[in-house]
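J.: Can you make the complete structure from the sequences, with help from the hints?
Using the numbering used here, read the sequence shown as starting at 9 and increasing by one per residue.
It cannot be assumed that every hint is accurate.
[What the hints assert, rightly or not] Per label pair, the in silico range of CB-to-CB distance:
#1 Leu275 with Ala179: 31 to 39 Å
#2 Asp64 with Gly338: 27 to 35 Å
#3 Ala88 with Pro330: 40 to 48 Å
#4 Pro366 with Pro334: 36 to 44 Å
#5 Pro89 with Thr251: 28 to 36 Å
Simulated from the structure, these hints should not be mistaken for laboratory data.
Glycine included, each C-beta is placed from N, C-alpha and C at the ideal position.
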Amino acid sequence: MTDVEITAVEGGVTVAVAGRGAAPPLFASSVVDADGGLLTWPDITASGLPDAHLDDVSAAQGWLWDLYGPDTARAVGAAAPGTAVRVPAGPGALERPLAALALGHWAARWWPASRLDGVPALDTDLLGLELAVLAHRAHRALPPDAAADLLLEHRAGIGALLDEGPPGLAAGLAAVADAAGIDGGDIDALTGAAAPPAAPPRADGYALAAGPGTPGRARTLARGHGANDWCRHPAGFLDAAETAVSWTVLAHGAARSVEVRAVMGPLGPRASAHPVAEVVPAPGAAPVRIPLAPEGDAWVGGAGLDLPATAVPAPDVAVLLPGFDPGPSGPGAAVFRDRLRSLAARRLDLARGAPAAPGEPPPFAAEVRAARADEDF
9 MTDVEITAVE
19 GGVTVAVAGR
29 GAAPPLFASS
39 VVDADGGLLT
49 WPDITASGLP
59 DAHLDDVSAA
69 QGWLWDLYGP
79 DTARAVGAAA
89 PGTAVRVPAG
99 PGALERPLAA
109 LALGHWAARW
119 WPASRLDGVP
129 ALDTDLLGLE
139 LAVLAHRAHR
149 ALPPDAAADL
159 LLEHRAGIGA
169 LLDEGPPGLA
179 AGLAAVADAA
189 GIDGGDIDAL
199 TGAAAPPAAP
209 PRADGYALAA
219 GPGTPGRART
229 LARGHGANDW
239 CRHPAGFLDA
249 AETAVSWTVL
259 AHGAARSVEV
269 RAVMGPLGPR
279 ASAHPVAEVV
289 PAPGAAPVRI
299 PLAPEGDAWV
309 GGAGLDLPAT
319 AVPAPDVAVL
329 LPGFDPGPSG
339 PGAAVFRDRL
349 RSLAARRLDL
359 ARGAPAAPGE
369 PPPFAAEVRA
379 ARADEDF
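T.: Right under this line is the structure:
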(Lines of atoms letter the chains of each structure in order from A; the text may use other names.)
(Lines give C-alpha, C1' and ligand atoms only; values in the text may rest on other atoms or scores of the structure.)
Protein backbone atom coordinates (compact mmCIF):
# COMPACT_ATOMS: atom_id res chain seq x y z
CA MET A 9 0.00 0.00 0.00
CA THR A 10 1.25 3.47 -0.91
CA ASP A 11 0.59 6.61 1.12
CA VAL A 12 -0.32 9.90 -0.55
CA GLU A 13 -0.27 13.40 0.89
CA ILE A 14 -3.30 15.52 0.05
CA THR A 15 -2.96 19.29 0.33
CA ALA A 16 -5.50 21.99 -0.43
CA VAL A 17 -3.71 24.77 -2.31
CA GLU A 18 -4.77 27.92 -4.06
CA GLY A 19 -6.66 26.86 -7.16
CA GLY A 20 -7.15 23.23 -6.24
CA VAL A 21 -5.89 20.14 -4.43
CA THR A 22 -2.62 18.25 -4.85
CA VAL A 23 -2.14 14.51 -4.39
CA ALA A 24 1.53 13.60 -3.95
CA VAL A 25 2.94 10.11 -3.45
CA ALA A 26 4.77 10.11 -0.11
CA GLY A 27 8.49 9.47 0.00
CA ARG A 28 9.45 10.69 -3.44
CA GLY A 29 12.73 12.55 -3.59
CA ALA A 30 13.70 15.56 -5.63
CA ALA A 31 12.15 15.76 -9.09
CA PRO A 32 14.32 14.27 -11.86
CA PRO A 33 14.96 16.16 -15.13
CA LEU A 34 11.98 16.99 -17.31
CA PHE A 35 12.84 14.32 -19.88
CA ALA A 36 12.28 11.55 -17.29
CA SER A 37 8.68 12.55 -16.57
CA SER A 38 5.31 12.08 -18.24
CA VAL A 39 2.09 14.07 -17.91
CA VAL A 40 -1.48 13.03 -18.73
CA ASP A 41 -4.24 15.62 -19.00
CA ALA A 42 -7.00 14.17 -16.84
CA ASP A 43 -10.58 15.33 -16.43
CA GLY A 44 -10.31 17.95 -13.71
CA GLY A 45 -6.53 18.08 -13.39
CA LEU A 46 -3.10 16.88 -14.41
CA LEU A 47 -1.48 13.54 -13.57
CA THR A 48 2.31 13.45 -13.40
CA TRP A 49 4.69 10.49 -13.28
CA PRO A 50 7.89 12.29 -12.19
CA ASP A 51 10.16 9.33 -13.07
CA ILE A 52 8.81 7.16 -15.88
CA THR A 53 11.42 4.47 -15.10
CA ALA A 54 9.85 3.86 -11.69
CA SER A 55 6.56 2.04 -11.30
CA GLY A 56 3.80 3.37 -9.09
CA LEU A 57 1.00 5.87 -8.84
CA PRO A 58 1.20 9.37 -10.29
CA ASP A 59 1.04 12.70 -8.52
CA ALA A 60 -1.96 14.89 -9.31
CA HIS A 61 -2.88 18.55 -9.33
CA LEU A 62 -6.66 18.90 -9.37
CA ASP A 63 -8.27 22.17 -10.42
CA ASP A 64 -11.81 20.73 -10.60
CA VAL A 65 -12.37 18.33 -7.73
CA SER A 66 -15.95 17.60 -8.75
CA ALA A 67 -14.88 16.40 -12.19
CA ALA A 68 -11.99 14.39 -10.74
CA GLN A 69 -14.24 12.53 -8.31
CA GLY A 70 -15.40 10.42 -11.26
CA TRP A 71 -12.03 8.63 -11.41
CA LEU A 72 -10.14 9.29 -8.15
CA TRP A 73 -11.63 6.18 -6.51
CA ASP A 74 -10.58 4.00 -9.48
CA LEU A 75 -7.02 5.31 -9.45
CA TYR A 76 -6.11 5.99 -5.81
CA GLY A 77 -8.85 4.19 -3.89
CA PRO A 78 -11.70 5.29 -1.60
CA ASP A 79 -9.60 6.85 1.18
CA THR A 80 -7.93 9.25 -1.25
CA ALA A 81 -11.18 10.11 -2.99
CA ARG A 82 -12.89 10.95 0.29
CA ALA A 83 -9.91 12.97 1.56
CA VAL A 84 -9.76 15.02 -1.64
CA GLY A 85 -13.47 15.75 -1.42
CA ALA A 86 -13.09 16.90 2.20
CA ALA A 87 -9.89 18.96 1.69
CA ALA A 88 -10.14 22.52 2.96
CA PRO A 89 -7.73 25.44 2.41
CA GLY A 90 -4.72 25.22 4.68
CA THR A 91 -5.14 21.52 5.41
CA ALA A 92 -2.93 18.56 4.58
CA VAL A 93 -3.57 14.90 5.32
CA ARG A 94 -1.82 11.61 4.65
CA VAL A 95 -3.89 8.59 3.65
CA PRO A 96 -3.30 5.12 2.12
CA ALA A 97 -3.87 4.85 -1.62
CA GLY A 98 -4.74 2.13 -4.18
CA PRO A 99 -3.68 1.29 -6.77
CA GLY A 100 -7.11 0.95 -8.33
CA ALA A 101 -8.39 -0.39 -11.63
CA LEU A 102 -7.22 2.67 -13.60
CA GLU A 103 -3.61 2.52 -12.40
CA ARG A 104 -2.31 0.19 -15.15
CA PRO A 105 -4.19 1.71 -18.12
CA LEU A 106 -3.09 5.20 -17.14
CA ALA A 107 0.50 4.07 -16.50
CA ALA A 108 0.61 2.56 -20.01
CA LEU A 109 -0.81 5.79 -21.44
CA ALA A 110 1.81 7.83 -19.56
CA LEU A 111 4.59 5.58 -20.85
CA GLY A 112 3.32 6.03 -24.40
CA HIS A 113 3.21 9.81 -24.03
CA TRP A 114 6.78 9.74 -22.72
CA ALA A 115 7.89 7.62 -25.68
CA ALA A 116 6.18 10.00 -28.11
CA ARG A 117 8.08 12.92 -26.57
CA TRP A 118 11.41 11.56 -25.31
CA TRP A 119 12.17 8.18 -26.91
CA PRO A 120 16.02 8.15 -27.12
CA ALA A 121 16.39 7.30 -30.82
CA SER A 122 20.07 6.81 -31.61
CA ARG A 123 22.01 5.37 -34.52
CA LEU A 124 25.11 5.35 -32.32
CA ASP A 125 23.39 3.32 -29.58
CA GLY A 126 21.33 1.20 -31.99
CA VAL A 127 17.95 2.46 -30.74
CA PRO A 128 15.61 2.85 -33.74
CA ALA A 129 13.11 5.68 -33.88
CA LEU A 130 9.41 4.96 -33.34
CA ASP A 131 6.68 5.65 -35.89
CA THR A 132 5.00 8.56 -34.11
CA ASP A 133 1.67 8.18 -35.93
CA LEU A 134 1.47 4.46 -35.21
CA LEU A 135 2.27 5.16 -31.56
CA GLY A 136 -0.27 7.99 -31.46
CA LEU A 137 -3.02 5.70 -32.75
CA GLU A 138 -2.28 3.18 -30.01
CA LEU A 139 -2.42 6.00 -27.47
CA ALA A 140 -5.89 6.81 -28.82
CA VAL A 141 -6.98 3.25 -27.99
CA LEU A 142 -5.43 3.45 -24.52
CA ALA A 143 -7.15 6.80 -23.92
CA HIS A 144 -10.47 5.22 -24.96
CA ARG A 145 -9.95 2.38 -22.46
CA ALA A 146 -9.14 4.89 -19.69
CA HIS A 147 -11.88 7.32 -20.74
CA ARG A 148 -13.32 7.59 -17.23
CA ALA A 149 -10.27 9.61 -16.18
CA LEU A 150 -9.82 11.73 -19.30
CA PRO A 151 -11.56 14.65 -21.03
CA PRO A 152 -14.34 13.46 -23.36
CA ASP A 153 -12.46 14.12 -26.63
CA ALA A 154 -9.02 12.79 -25.57
CA ALA A 155 -9.14 9.57 -27.63
CA ALA A 156 -10.77 11.19 -30.67
CA ASP A 157 -8.23 14.02 -30.70
CA LEU A 158 -5.36 11.52 -30.79
CA LEU A 159 -7.02 9.57 -33.61
CA LEU A 160 -7.50 12.71 -35.69
CA GLU A 161 -3.96 13.98 -34.99
CA HIS A 162 -2.35 10.69 -36.06
CA ARG A 163 -4.82 9.59 -38.72
CA ALA A 164 -2.01 9.51 -41.30
CA GLY A 165 -0.68 6.36 -39.59
CA ILE A 166 -3.76 4.23 -40.29
CA GLY A 167 -2.20 2.78 -43.45
CA ALA A 168 0.88 1.60 -41.53
CA LEU A 169 -1.36 0.17 -38.83
CA LEU A 170 -3.36 -1.84 -41.37
CA ASP A 171 -0.14 -3.20 -42.86
CA GLU A 172 1.79 -3.90 -39.66
CA GLY A 173 -0.37 -3.40 -36.59
CA PRO A 174 -2.12 -6.19 -34.67
CA PRO A 175 -5.81 -6.67 -35.57
CA GLY A 176 -6.84 -5.86 -32.01
CA LEU A 177 -5.40 -2.37 -32.36
CA ALA A 178 -7.43 -1.76 -35.53
CA ALA A 179 -10.58 -2.92 -33.73
CA GLY A 180 -9.81 -0.60 -30.83
CA LEU A 181 -9.45 2.35 -33.18
CA ALA A 182 -12.71 1.45 -34.89
CA ALA A 183 -14.34 1.69 -31.45
CA VAL A 184 -12.76 5.11 -30.89
CA ALA A 185 -14.03 6.32 -34.27
CA ASP A 186 -17.50 4.92 -33.65
CA ALA A 187 -17.77 6.55 -30.22
CA ALA A 188 -16.65 9.92 -31.61
CA GLY A 189 -18.63 9.78 -34.85
CA ILE A 190 -15.51 9.93 -37.04
CA ASP A 191 -15.88 8.45 -40.52
CA GLY A 192 -14.01 8.16 -43.82
CA GLY A 193 -12.52 5.49 -46.03
CA ASP A 194 -9.48 4.91 -43.83
CA ILE A 195 -11.71 4.54 -40.77
CA ASP A 196 -13.98 2.09 -42.59
CA ALA A 197 -10.95 -0.02 -43.48
CA LEU A 198 -10.20 -0.53 -39.79
CA THR A 199 -13.20 -2.78 -39.34
CA GLY A 200 -11.87 -5.27 -41.90
CA ALA A 201 -8.26 -5.37 -40.69
CA ALA A 202 -7.42 -8.92 -39.69
CA ALA A 203 -4.23 -9.79 -41.55
CA PRO A 204 -1.16 -10.63 -39.44
CA PRO A 205 1.56 -7.98 -39.24
CA ALA A 206 3.86 -7.93 -42.25
CA ALA A 207 7.59 -7.56 -42.01
CA PRO A 208 8.62 -3.96 -42.69
CA PRO A 209 10.59 -3.21 -45.85
CA ARG A 210 14.32 -3.15 -45.49
CA ALA A 211 15.60 0.30 -44.66
CA ASP A 212 18.58 1.79 -46.39
CA GLY A 213 21.66 1.41 -44.28
CA TYR A 214 22.85 4.41 -42.33
CA ALA A 215 26.36 5.69 -42.95
CA LEU A 216 27.68 7.43 -39.88
CA ALA A 217 29.68 10.52 -40.56
CA ALA A 218 33.40 10.27 -40.05
CA GLY A 219 35.05 12.19 -37.25
CA PRO A 220 35.99 15.84 -37.59
CA GLY A 221 38.46 16.43 -40.37
CA THR A 222 41.82 18.02 -39.85
CA PRO A 223 42.65 20.96 -42.12
CA GLY A 224 45.92 20.81 -43.98
CA ARG A 225 48.99 21.64 -41.90
CA ALA A 226 46.98 21.64 -38.67
CA ARG A 227 47.88 19.39 -35.73
CA THR A 228 45.30 17.64 -33.56
CA LEU A 229 45.94 18.53 -29.93
CA ALA A 230 42.99 16.80 -28.25
CA ARG A 231 39.68 15.09 -28.89
CA GLY A 232 36.73 14.43 -26.63
CA HIS A 233 33.01 14.25 -26.19
CA GLY A 234 30.77 17.09 -25.11
CA ALA A 235 27.49 17.14 -23.22
CA ASN A 236 24.34 15.97 -24.99
CA ASP A 237 21.73 17.47 -22.66
CA TRP A 238 18.32 16.41 -24.00
CA CYS A 239 16.57 19.42 -22.46
CA ARG A 240 18.61 21.96 -24.45
CA HIS A 241 17.26 21.01 -27.88
CA PRO A 242 14.01 19.46 -29.15
CA ALA A 243 13.63 15.72 -28.75
CA GLY A 244 14.88 13.95 -31.89
CA PHE A 245 16.93 16.96 -32.99
CA LEU A 246 20.21 15.23 -32.12
CA ASP A 247 21.06 11.56 -31.80
CA ALA A 248 20.25 10.65 -28.18
CA ALA A 249 23.58 8.89 -27.51
CA GLU A 250 25.79 10.30 -24.78
CA THR A 251 28.64 10.39 -27.32
CA ALA A 252 26.70 12.23 -30.05
CA VAL A 253 28.60 15.50 -29.45
CA SER A 254 32.33 15.42 -30.13
CA TRP A 255 35.06 18.04 -30.38
CA THR A 256 38.59 18.35 -31.74
CA VAL A 257 41.10 21.04 -30.77
CA LEU A 258 43.58 21.87 -33.54
CA ALA A 259 46.82 23.81 -33.57
CA HIS A 260 47.65 26.09 -36.50
CA GLY A 261 51.12 27.22 -35.50
CA ALA A 262 50.56 29.17 -32.28
CA ALA A 263 46.83 29.58 -32.96
CA ARG A 264 44.17 27.22 -31.67
CA SER A 265 40.74 26.27 -33.01
CA VAL A 266 37.97 23.89 -32.06
CA GLU A 267 35.73 21.85 -34.34
CA VAL A 268 32.41 20.48 -33.03
CA ARG A 269 30.33 17.69 -34.56
CA ALA A 270 26.89 16.61 -33.35
CA VAL A 271 25.19 13.60 -34.94
CA MET A 272 21.66 14.39 -36.14
CA GLY A 273 18.61 12.67 -34.74
CA PRO A 274 15.56 11.42 -36.64
CA LEU A 275 14.14 14.94 -37.10
CA GLY A 276 16.97 15.83 -39.46
CA PRO A 277 17.89 19.42 -40.40
CA ARG A 278 15.39 22.26 -40.40
CA ALA A 279 16.09 25.39 -42.44
CA SER A 280 14.80 27.69 -39.69
CA ALA A 281 16.41 25.88 -36.74
CA HIS A 282 20.17 25.49 -36.56
CA PRO A 283 21.86 24.58 -33.28
CA VAL A 284 24.95 26.17 -31.82
CA ALA A 285 27.84 24.74 -29.85
CA GLU A 286 28.50 26.40 -26.51
CA VAL A 287 32.21 26.09 -25.78
CA VAL A 288 33.90 27.05 -22.50
CA PRO A 289 37.62 27.00 -23.42
CA ALA A 290 38.85 26.66 -19.83
CA PRO A 291 37.41 26.84 -16.29
CA GLY A 292 36.21 30.36 -15.55
CA ALA A 293 36.40 31.48 -19.19
CA ALA A 294 33.46 33.08 -20.94
CA PRO A 295 31.49 30.69 -23.17
CA VAL A 296 31.83 30.99 -26.92
CA ARG A 297 28.88 30.13 -29.17
CA ILE A 298 29.68 28.53 -32.54
CA PRO A 299 26.97 28.21 -35.23
CA LEU A 300 26.59 24.68 -36.58
CA ALA A 301 25.55 23.78 -40.12
CA PRO A 302 24.34 20.47 -41.60
CA GLU A 303 27.03 18.28 -43.13
CA GLY A 304 25.93 14.78 -44.07
CA ASP A 305 24.20 13.33 -41.02
CA ALA A 306 25.78 15.73 -38.54
CA TRP A 307 25.82 19.35 -37.44
CA VAL A 308 29.33 20.74 -37.81
CA GLY A 309 31.05 24.02 -36.99
CA GLY A 310 34.34 25.48 -35.82
CA ALA A 311 35.97 28.65 -34.54
CA GLY A 312 39.21 30.01 -33.16
CA LEU A 313 39.87 29.28 -29.52
CA ASP A 314 41.63 31.67 -27.16
CA LEU A 315 44.08 29.35 -25.41
CA PRO A 316 47.70 29.79 -24.41
CA ALA A 317 50.01 27.86 -26.72
CA THR A 318 51.21 25.76 -23.77
CA ALA A 319 47.75 24.88 -22.42
CA VAL A 320 46.46 21.30 -22.54
CA PRO A 321 43.02 21.82 -24.15
CA ALA A 322 40.01 20.37 -22.35
CA PRO A 323 37.03 22.57 -23.26
CA ASP A 324 33.50 22.03 -22.00
CA VAL A 325 31.28 21.64 -25.06
CA ALA A 326 27.48 21.43 -25.27
CA VAL A 327 25.00 21.77 -28.13
CA LEU A 328 21.77 23.74 -27.81
CA LEU A 329 19.04 25.32 -29.91
CA PRO A 330 18.75 29.08 -29.26
CA GLY A 331 15.24 30.10 -28.27
CA PHE A 332 14.47 26.60 -27.06
CA ASP A 333 17.25 26.08 -24.53
CA PRO A 334 16.14 26.47 -20.88
CA GLY A 335 19.70 26.03 -19.60
CA PRO A 336 21.63 22.95 -18.44
CA SER A 337 19.70 20.21 -16.66
CA GLY A 338 22.10 20.18 -13.74
CA PRO A 339 23.99 17.42 -11.94
CA GLY A 340 22.56 13.93 -12.09
CA ALA A 341 20.91 14.34 -15.51
CA ALA A 342 23.36 11.91 -17.14
CA VAL A 343 22.29 9.19 -14.70
CA PHE A 344 18.67 9.59 -15.78
CA ARG A 345 19.63 9.59 -19.45
CA ASP A 346 21.30 6.22 -18.90
CA ARG A 347 18.24 4.91 -17.08
CA LEU A 348 16.00 6.00 -19.95
CA ARG A 349 18.26 4.33 -22.50
CA SER A 350 17.95 1.16 -20.42
CA LEU A 351 14.18 1.58 -20.41
CA ALA A 352 14.14 1.87 -24.22
CA ALA A 353 16.33 -1.23 -24.52
CA ARG A 354 13.97 -3.11 -22.21
CA ARG A 355 10.96 -2.03 -24.25
CA LEU A 356 12.60 -3.30 -27.43
CA ASP A 357 13.42 -6.60 -25.72
CA LEU A 358 9.73 -6.95 -24.81
CA ALA A 359 8.85 -6.23 -28.43
CA ARG A 360 11.15 -9.10 -29.48
CA GLY A 361 9.34 -11.52 -27.17
CA ALA A 362 11.03 -11.21 -23.76
CA PRO A 363 8.66 -12.09 -20.88
CA ALA A 364 7.07 -9.11 -19.15
CA ALA A 365 7.30 -8.56 -15.42
CA PRO A 366 4.03 -8.38 -13.44
CA GLY A 367 2.32 -5.08 -14.17
CA GLU A 368 4.75 -4.14 -16.95
CA PRO A 369 2.91 -2.56 -19.91
CA PRO A 370 3.09 -4.75 -23.03
CA PRO A 371 5.06 -3.43 -26.00
CA PHE A 372 3.45 -0.85 -28.24
CA ALA A 373 2.89 -1.68 -31.91
CA ALA A 374 5.39 1.06 -32.77
CA GLU A 375 8.00 -0.63 -30.57
CA VAL A 376 7.33 -4.00 -32.25
CA ARG A 377 7.76 -2.41 -35.65
CA ALA A 378 11.00 -0.72 -34.58
CA ALA A 379 12.34 -3.96 -33.09
CA ARG A 380 11.67 -5.84 -36.33
CA ALA A 381 13.55 -3.22 -38.31
CA ASP A 382 16.42 -3.05 -35.81
CA GLU A 383 18.65 -5.48 -37.68
CA ASP A 384 18.45 -3.19 -40.72
CA PHE A 385 18.71 0.04 -38.73
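J.: Hint by hint, which ones does the structure fall short of?
T.: Hint 5 is the one this structure does not satisfy, whereas the remaining hints hold.
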